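Chemist: As given, the protein sequences belong to chains P and Z, one line each in that order. Mapped onto UniProt numbering, the consecutive letters of the first sequence carry residue numbers 1 to 446. Mapped onto UniProt numbering, the consecutive letters of the second sequence carry residue numbers 1 to 446.
Since the hints were derived computationally from the structure, they do not count as laboratory data. Keep in mind it's a predicted model, so treat the numbers as computed, not measured. Ideal placement from N, C-alpha and C gives every residue a C-beta, glycine not left out. Treat the hints with care, as some may be off.
[To be verified] Some chain Z residues near chain P, calculated using beta-carbon distances under 10 Å:
# : residue
1 : Cys72
2 : Ile137
3 : Gly218
4 : Val408
Protein chains: 2
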Amino acid sequence: MEGKIMKSQFIVDIQSDISNNPVTILGWCKGKRCHKKIVFLDLCDSTGSIQVTVDQQKVPIDEFEIARLITCESAVRVEGIVRREGKNNQNQTEILCSKLQLINKATGLISPKLREDIDIFNPHLAEHLLNHRSLYIRNPKVMAILRFRHILMGFVHQWFREHQFIEITAPILTPLPLYDDRSAIEVNIHDDHVFLTQCVGFYLEAAVHAFERVYNIGPSFRGEESHSKRHLMEYWHIKAEIAFGNREDIIAIVEELVSFLVSQCANFCQDVAKALGTDICIDGLTPPFPRISYREAIQRLQTAGQEATFGKSLCSKGEGLLAQQFSTPFWVVGIPRSIEPFPYVIDPDDLEVTMTADLVASKGYGELLGVAEKIHTSDILAERMREKGKQDNPKYEWVRELREFGCVPHIGFGMGVERFIRWLLQIPHVRDAIPFPRIFRRKIHP
Amino acid sequence: MEGKIMKSQFIVDIQSDISNNPVTILGWCKGKRCHKKIVFLDLCDSTGSIQVTVDQQKVPIDEFEIARLITCESAVRVEGIVRREGKNNQNQTEILCSKLQLINKATGLISPKLREDIDIFNPHLAEHLLNHRSLYIRNPKVMAILRFRHILMGFVHQWFREHQFIEITAPILTPLPLYDDRSAIEVNIHDDHVFLTQCVGFYLEAAVHAFERVYNIGPSFRGEESHSKRHLMEYWHIKAEIAFGNREDIIAIVEELVSFLVSQCANFCQDVAKALGTDICIDGLTPPFPRISYREAIQRLQTAGQEATFGKSLCSKGEGLLAQQFSTPFWVVGIPRSIEPFPYVIDPDDLEVTMTADLVASKGYGELLGVAEKIHTSDILAERMREKGKQDNPKYEWVRELREFGCVPHIGFGMGVERFIRWLLQIPHVRDAIPFPRIFRRKIHP
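Please put together the full structure from these sequences, using the hints given.
Modeler: And the structure:
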């Protein structure tokens, strides 16, 4: 992949090189220290950073002037020799510069500096960093999180594909946002009033009758008001659906997936976590995870003096309290029918709850994902649609129709990518787990 | 991944099994032939189909009745023995049924049958198939295309990741849809008027200043009127951006990617193409691909008596005519500045055109993708923004600001997934290359 001006050398490759070979690095200046006859530049690229020594006696005078006057973030081309720096040949290399060219001088001023080692989670910095996300994406900690996301998503695809799941790219524009239309974001296209998907479950339910195992990784949208640390208006959603299965199956599948992802990240991403000053959370390494019923969860919270009412979602405070009782993620089994969408199966042994389970993270990071058995017969679905006031809505006709064509018991789960990252990296807010976050009531920018 | 009711046996696995082992298959009945004392069922699952012989003397009477009365698409559980069928032990296996259970009887009627071998590209069937896409996703040809898409996207991720690209999931909701706002789909969220992305280029331009090589696979939206065979309102877009490069670099990168994808698909997807009655188009196997300038393209079309005007896009008819002159995909180099967005570099040797190139498919399938050099200096960008009337629009301020922080020469390309599939599989319309197509002026359903 060599072209006319493309980079062929990266800082990471030359850091271990002590052969005094000539190198050429294209990159950015992230700092300098000027002495009388020598300038030290901190040069970085996507792979790391290295000191460049610009000696007045070893470069033309105009190039020394470039070094002396260079501004932070200026893009440069550096030629030189790699050598060990300092006493005792310590594990530190530098480039002794023989040629310095300015690619583009940075004229913009911003504070803190873009690549500075700052606390990106500091709430006082949040607005500033969000407003200039297009620049602070260069920050080493921001980069570490996004690189982690990249690696994690590779493992997710790998797992599904190795387990014979077919990737379905279900639509974003939909008449059926699954949950309450009022919390969906509406789009009007030539007077066709549709929504941005909240969940692609309906489409995957159709697809399992072809492929049996399908998954979908794509954006989901929620318009509801929320200013918690685990909600975004636009987030990425891992969804999967499997034909011929029940709740035990989907719990086992999810436990295998979570354990695989935790294990892979723990094995391959410790350097990323180190850049953040954290460790990968490995609480999810060893399934099976403990379970409590939703009913029991409510009781435990009430016993602890928490406000908790049957038929309401466990709030994040409640989930945090429960999490103190477990050292791993745990399942809350049997969410009430009153708060679950109509396609979910009712528990035959407890008609007030559904055949669902939510996996709640350890350490108080809250709900990670939910699993459910889906209704496969037309009459039972129609009954649940009536219960939810959707029986006369022609938009849902194709969902009911699916049940007339050999619909089989099927199961699914959905997990927010950013919540999973937040938990694994133990970072405060989901907004840091996505390149350009969209946050409720915050003007969309950049 | 064994659970309580999950499948452990698939038809593809038992087709080569002649060991007379007992098997259990969960699947769907796609046809039957009733004789007096014997019923032949065509049983299928996601992996294939097999004949099931239900002999009145070998199953309880109620199970024989199930077989006799079974409807198309009914879901069943079949136990039996696998055996070679017919004379001479030909390569044909069947299941001799010992137990037949109905999982869900299909009561719906639809014609043509869902899994029938029909011509899914027949224009007379198009509306019917689109209206019932959630059911016809089970059609073997539809499944073949979607399975191909799944495999292809795996290769796309593989190529980028092996070439050190970082996957960036850029936002869908954006104030900056890149092209003309009028052709973008608007969304109003709490009085914040934004758009669905048409292209994530701006975000990737920011990201390359961190990661140098980034890619994005996600949905893109176009609101413009088009009823061609190569436009969708919602399509999937492969975008990549690279720091430190020029047009020659991006052409070389794209040629390597296209050649890799064609080669992989030709090697691993011939069975998918066979299911469609086609071959994988391998015209893109061997780069470099020929180039003509946009100016020359216009001249050639005018010479051929075609209407073609400098400063207008080559229409699909024009691209088709040009394609007759090549046996491979070909580059049209230097698209006029008047029709390209402001971030693209102007050709210093021909100020009327940009440093861009479009790759046009062989065999008349039209434009596949476009590449461009992007402007990296603030003053030149400001000039181009004035030219496009965007200089006073504060929405674009962060795009200009990026040029003040050491912006480097960078390059990018964008390719529509469905167009690429259409060409490789030589199918008529992009709508068949996506699970649930969204088409201009067609009510969104299902």
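Chemist: Taking 10 Å as the limit, does the beta-carbon of Cys72 of chain Z come near enough to a beta-carbon in chain P?
Modeler: Status holds, d = 8 Å.
Chemist: At a threshold of 10 Å, is the proposed contact between Ile137 of chain Z and chain P supported by beta-carbon distances?
Modeler: Hint on Ile137 of chain Z: holds, closest Cβ of chain P at ~5 Å, below 10 Å.
Chemist: At a threshold of 10 Å, is the proposed contact between Val408 of chain Z and chain P supported by beta-carbon distances?
Modeler: holds (5 Å)
Chemist: Does the interface hint hold: is Gly218 of chain Z within less than 10 Å of chain P, judged Cβ to Cβ?
Modeler: Holds, about 7 Å.
In this structure, none of the earlier numbered hints is contradicted; all agree with it.
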